[in-house]
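Let the sequences and hints guide you as you build the complete structure.
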Amino acid sequence: MTLAAPSTTHAVQSQSKDNALTVDNVYKQFGANDAPVIAVDHMSFDVRQGEFVTVIGPSGCGKSTLFSIIGGLMGDYQGQVRVGNEPINGPHPAVGMVFQEESTFPWRNVIENVAFPLELNGIGKAERHERAQHFINMVGLAGFEKRLPSELSGGMRQRVSIARTLVSQPKILLMDEPFAALDEQTRLLLGDKITQIQQELNQTTLLITHNLTEAVQLSDRIVVMTYRPGRVKRIIDIDLPRPRTSDVVSSAAFGKYVAEIWGDLREEASRGMADSESHAVKDAARG
Amino acid sequence: MAKSLYIGPYGRWLPIAFGAMTVLGAFVLLEILLRVGVINRYIVPLPSEVLLSLPRIIVEEKVLARCRETAFEMLISSAAVIAIGVPIGVALYRYKALRNALEDWFAALAAAPIVLAFPLFLVMFGRSATTIIVMSVVSGVAPIILKTTEGLVATRPVLLNVGKSLKMTQSQMFWKILLPSALPLIFTGIRLGWTFVLISVVGTEFLINLGGLGQLINDLAERYDMPGTYAAIGFVILVSILFFISLERVEQWLGRRT
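Just so you know, the sequences run in chain order A and B. The opening residue of the first sequence carries number 1 in our numbering; numbering runs sequentially from there. The opening residue of the second sequence carries number 1001 in our numbering; numbering runs sequentially from there.
Relax, there's no trap hidden among the hints.
Facing chain A, according to a computed beta carbon distance under 7 Å, are these residues of chain B, among others:
no. : residue
1   : V1158
2   : N1161
3   : P1180
Distance windows between CB atoms, simulated:
no. : chain 1 : residue 1 : chain 2 : residue 2 : range
4   : B       : L1014     : A       : S251      : 57 to 65 Å
5   : A       : T186      : B       : R1094     : 34 to 42 Å
6   : A       : L189      : B       : A1071     : 54 to 62 Å
7   : A       : G50       : B       : G1011     : 54 to 62 Å
8   : A       : K171      : B       : G1255     : 36 to 44 Å
9   : B       : R1094     : A       : S59       : 31 to 39 Å
No lab work stands behind these hints: they were computed from the structure. The beta carbon of each residue, even a glycine, is placed where N, CA and C say it ideally should be.
Below, the structure written as C-alpha cells:
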C-alpha cells in the first residue's frame, strides 16, 4: 500500500501520455519468504518529459535498489517500470546511468572514456571524438581530453561519467547520488552544471539522493521515501524559478522547502538511525 | 613545524649513488680481506681478478652466443607461461567451483621448489632444451594464473555495472572492462612468473650442463676457473637486474593507469 499523504501536491500519473518514465507499483524484497527484507514497497511515481525529479530518503530506505531496478540492473521484482509506454526488462538504451561510485575507466583518458559508448556502437574514431568533445565542453572539461582519470579531481571524474552517459543521448538520465563523495562546495557548483545541462538539453532526469540541499536545488519535483520498507511518503512540487543557480540556496523559499522536506524525513531518518544502532548492539552481543 | 619533503636537485640520484657505493665498498672490503688472508683466495677469487676476467669470458667463452641460447629458452618459456597461465586464470575466475578446487594447488605450485624435480623431467624429456623449457614453464606459470584470477576478481563492480547499463556483450565486457582492469595485476603475475622462468632456465642449464649461461657457469666451475665462474655469475646477475628493472618500469607505468 502506498502511503502518499494527503498533502501530496502532485498525483501519481502512471497512465499519462507525456510520461518519460513510469514507476508503477514496484515491489522488491530480499531474503527468504519467512524473513523477508522489503526494500521497495509498491512505489509508484512518474517523470514527465524534460522534468527533473529527485527521489530522496534516509540511508537504507531502498533508494539504490530502486535505482538498480529502474536502470534494469536488478530483476525479480513485482510491478512495472516503463519508458514511455514500453515496459523495461533489463538495461534500456533510453536510460543512461550515472553511478554513485567513481566509475570512469582508469586506463582510458577523458575523451576515450566519454567516447566509450560510441565505440561500442562501432562509430569511427573521428566522429566519436567529435561527439565526445561536445559533451566534454558541456561539462566544462575542455583542455583535459588527454588526461587520465587519476590526474583529475573527484568532481572532474564524476563530470567525465556524466559526459559519458550523455554522449549516448539517453531519453532519461538516471543518477544515483553522483556527488555523494564530494565536498559541499563542489557539490553546489556541480549542481549548477547539472542544472545548466538539464536545461540546455531539456534532459529528463531522475536523481536519487539523501541530500536535501541538492534535491531542492535541482528538482522540479521531489519524491520523499519512507525508511524501510521504502514507500512514497510524499511528492512535493518545487516551485523555484528557472533558470536556477546555486544562489537559490540563500533564498527564503529554498529554506522553506528544505525545512518542509526535513520535516518529512526526520522521522524516517530517526527510524533508520535507531535500526542501525539496534543492529550494532545485536552484532556486539553476538561478538 | 613539519619538515620539508623537498630533497633537493640531486635527491633523486642520491639513493642510486648510495646503493652503488655500498656495492663498491663491499667489493673493496672483500678485496682487502682476501689480500690480507682473512678469506682463502683459492676458494673466493679477488674481485679485481673477477672484473678483469670479464672481457676474457665474453670473448673466449662466446657469451653472446650463449646469451642467445638462454634468451631463446626464456622467450619460449615466457610466451608459454602467458599462453597457459592467463587462460587458466580466466577459467578460475569464470568458474567458481574450479577456483575453489584448484586455487590452493596453484598457490602450492608457486611455492614449490620445482628445480628439485629435474631428474623426473630428464627422464621424461631427455637432456635437451625441452626439459629446460618445460621445467621453466611449470616453475613460472602459477603466479600468472593466481594474479590473473585475482586481477579479474578485483575488478570494481561499478565498472561492470557500467558495462551492463550499456548492454555490453560478454565478450565486450571481457576485452573492454575486465581485462584492462585486471592488467596491472596480471602483469605483476607475469613479472613474478618470468622471474621464476629466468631462475629456472639458468638453474636447469647449470644442473644438466646444457645450453647457455647456466652451462657456462658449470663449465667454468668444473675447470676450477674461479674468477671466470664468478665473472659469469656476475654477468648473469647483471642481465637479470636489467631484465627486472625493465619489467618493473612497465609495471609502474601500468600501475599509473589504474
